[in-house]
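Q: Use the sequences and the hints to build the structure in full.
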Amino acid sequence: MTRHGCVSLLLVAMLCLVVGCKEKASTEQAKTNDTPAAGSPAGDTETGAVGQGSAPAEEPAQPVIAPEDLPTPVELTEDDWPWFRGQQNDAKVHSQVKLARSWPAEGPPVLWETTVGEGYSSPSVVGDRVYLNDYNEETKEWMVRCLSFDDGEEQWTYKVKKEIRPNHGITRSAPATDGGFVFAIDPKCELHCLDARNGNLIWKKFLPKLYDSMIPAWYNGQCPLIEGDRVIIAAGGKALLVAFDKATGEPVWETPNPDQQLITHSSVMPVELDGVRQYAYYTMQGLVGIDAETGAMLWQFPWKFSTAVPTTPLALGDGKFLVTSSYGARTAVCQVTHDGDTWKAEELLSLAPPTDGWNSEVHTPIVHNGKIYGVGKKSRGLWTCLDMECNEVWNSRRKSFDLGGYVLADGMFFALDGRSGALRLIDAEADEYQQLAEAKILSGPDVWAPPVIVRGKLLVRDLGKMLCLDVREQTLAADTSDSKLQ
Numbered sequence: 012m013t014r015h016g017c018v019s020l021l022l023v024a025m026l027c028l029v030v031g032c033k034e035k036a037s038t039e040q041a042k043t044n045d046t047p048a049a050g051s052p053a054g055d056t057e058t059g060a061v062g063q064g065s066a067p068a069e070e071p072a073q074p075v076i077a078p079e080d081l082p083t084p085v086e087l088t089e090d091d092w093p094w095f096r097g098q099q100n101d102a103k104v105h106s107q108v109k110l111a112r113s114w115p116a117e118g119p120p121v122l123w124e125t126t127v128g129e130g131y132s133s134p135s136v137v138g139d140r141v142y143l144n145d146y147n148e149e150t151k152e153w154m155v156r157c158l159s160f161d162d163g164e165e166q167w168t169y170k171v172k173k174e175i176r177p178n179h180g181i182t183r184s185a186p187a188t189d190g191g192f193v194f195a196i197d198p199k200c201e202l203h204c205l206d207a208r209n210g211n212l213i214w215k216k217f218l219p220k221l222y223d224s225m226i227p228a229w230y231n232g233q234c235p236l237i238e239g240d241r242v243i244i245a246a247g248g249k250a251l252l253v254a255f256d257k258a259t260g261e262p263v264w265e266t267p268n269p270d271q272q273l274i275t276h277s278s279v280m281p282v283e284l285d286g287v288r289q290y291a292y293y294t295m296q297g298l299v300g301i302d303a304e305t306g307a308m309l310w311q312f313p314w315k316f317s318t319a320v321p322t323t324p325l326a327l328g329d330g331k332f333l334v335t336s337s338y339g340a341r342t343a344v345c346q347v348t349h350d351g352d353t354w355k356a357e358e359l360l361s362l363a364p365p366t367d368g369w370n371s372e373v374h375t376p377i378v379h380n381g382k383i384y385g386v387g388k389k390s391r392g393l394w395t396c397l398d399m400e401c402n403e404v405w406n407s408r409r410k411s412f413d414l415g416g417y418v419l420a421d422g423m424f425f426a427l428d429g430r431s432g433a434l435r436l437i438d439a440e441a442d443e444y445q446q447l448a449e450a451k452i453l454s455g456p457d458v459w460a461p462p463v464i465v466r467g468k469l470l471v472r473d474l475g476k477m478l479c480l481d482v483r484e485q486t487l488a489a490d491t492s493d494s495k496l497q
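With the first letter of the sequence shown counted as 1, position 426 gets the number 437 in my numbering; the numbers rise by one all the way through.
Hints are supplied without guarantee of correctness; some may be wrong.
[Said to hold, decoys possible] Taking CB as the label site, the calculated pair distances span:
hint, residue 1, residue 2, range
1, 116, 405, 23 to 31 Å
2, 116, 238, 20 to 28 Å
3, 267, 488, 54 to 62 Å
[To be verified] Straight-line C-alpha distance at most 25 Å; calculated DSS-like pairs for lysine-lysine:
hint, residue 1, residue 2
4, 173, 476
5, 172, 476
6, 382, 170
7, 109, 151
8, 382, 331
9, 331, 355
10, 249, 170
11, 249, 355
It is worth saying that the hints were derived from the structure and are not from the lab.
The C-beta atom is built at its ideal place from N, Cα and C for all residues, glycine as well.
A: The following block contains the structure:
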């Protein structure tokens with residue numbers, strides 16, 4: 012073979028090698044793009060380094076709004092519901108508005124409705140505005156929507172391109188607002204700070220990249236917490252919890268995470284223990300207590316969760332916490348004490364594993380008049396009353412609520428049947444299960460979003476629409492009188 016022939020063969024071989032490498036790279040990229048979403052049956056999770064869909068844009072180094080143009084928080088009233096579980100973080104309505112104790116067969120009157128994407132995000136309300144996380148599957152846009160509380164009309168919409176694959180819903184997190192700022196965490200754990208007046212972006216933080224953390228199974232489920240001039244979230248990775256300055260997005264403190272505890276769908280809950288303000292939070296390894304001023308970890312209660320969907324920590328008083336989750340996790344009560352600067356958390360009691368023992372699969376129970384109320388996993392969703400030692404007092408017998416949400420208002424529980432979409436009104440003062448009213452108002456399945464009541468108006472949603480219902484006593488009494496006159 013001539014020298015020219017050898018050179019030609021060598022060039023051809025090199026060309027084939029390059030083409031082959033490119034094809035392999037293209038194939039590997041395609042595999043990456045086709046990997047299941049976080050929380051899928053394959054169990055894949057996402058990190059800041061390897062994400063699915065379009066990569067999030069870099070967060071601004073500085074707020075994109077000039078300091079003099081930043082919004083001003085409003086003075087909240089007892090009628091506002093500014094974040095998950097309400098202003099006092101207890102899923103109770105503290106307004107003085109009297110509510111009806113019965114409805115017509117078709118249910119309370121519908122004031123307005125709006126179309127929503129698939130998900131379980133509940134709304135937050137301050138003043139005359141409703142804030143909701145949402146997703147448009149056609150345009151692949153995650154959104155924060157601002158609606159009029161009076162008629163449901165769109166006031167503004169903040170949109171971000173975000174490739175999300177539905178897996179038992181898409182949106183799970185409620186936004187938090189003080190009437191000036193709006194904070195929302197999207198399914199891929201990016202924290203967005205918006206101007207409540209117009210939806211303009213102020214700053215954002217992509218937490219998995221910033222803290223080298225993982226996105227939980229079934230995407231993000233936690234809701235931001237606003238306290239004073241800070242917003243507190245769980246990041247995971249290099250920092251378990253982080254307090255950001257509301258206006259600048261700069262970290263005020265970060266909780267070290269040497270054990271690399273993973274975050275969950277739990278939301279951070281404030282609690283006062285022996286005069287010390289703390290934040291309670293569930294990691295995949297158990298319950299932790301964080302100093303609200305410094306971010307230092309004060310105590311830990313190890314507990315095994317099989318998946319990332321524990322409830323939000325529920326304080327029972329006197330340093331006690333109800334620890335409960337789903338997918339076979341046991342329920343326990345832990346006691347937090349301290350001696351000087353030393354804090355510790357110890358198990359007081361634990362229940363048998365489901366289905367023999369009680370646990371809450373999705374929603375955080377409500378403490379009322381020395382009792383614990385909620386939907387238990389046992390028998391797939393019985394409405395249950397427990398004493399403070401977790402002994403069952405009574406349940407709804409054959410009446411199942413599946414995984415429906417609930418809220419307490421005016422001495423009554425407004426509880427949804429997660430399978431059928433029925434709304435049930437339950438007497439919160441009775442010594443047994445006493446249902447006052449029922450009406451099918453939504454379409455199942457998976458009616459899992461927590462309901463919200465503001466100024467006598469009930470906001471509920473399913474996988475396709477959100478309704479605003481008038482549950483005020485005066486409205487339904489007037490409707491009853493009018494019908495009698497006819």
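Q: Provide an ascending list of the numbers of those earlier hints which the structure does not satisfy.
A: The structure conflicts with hints 2, 6, 7, 10, although it agrees with all the remaining ones.
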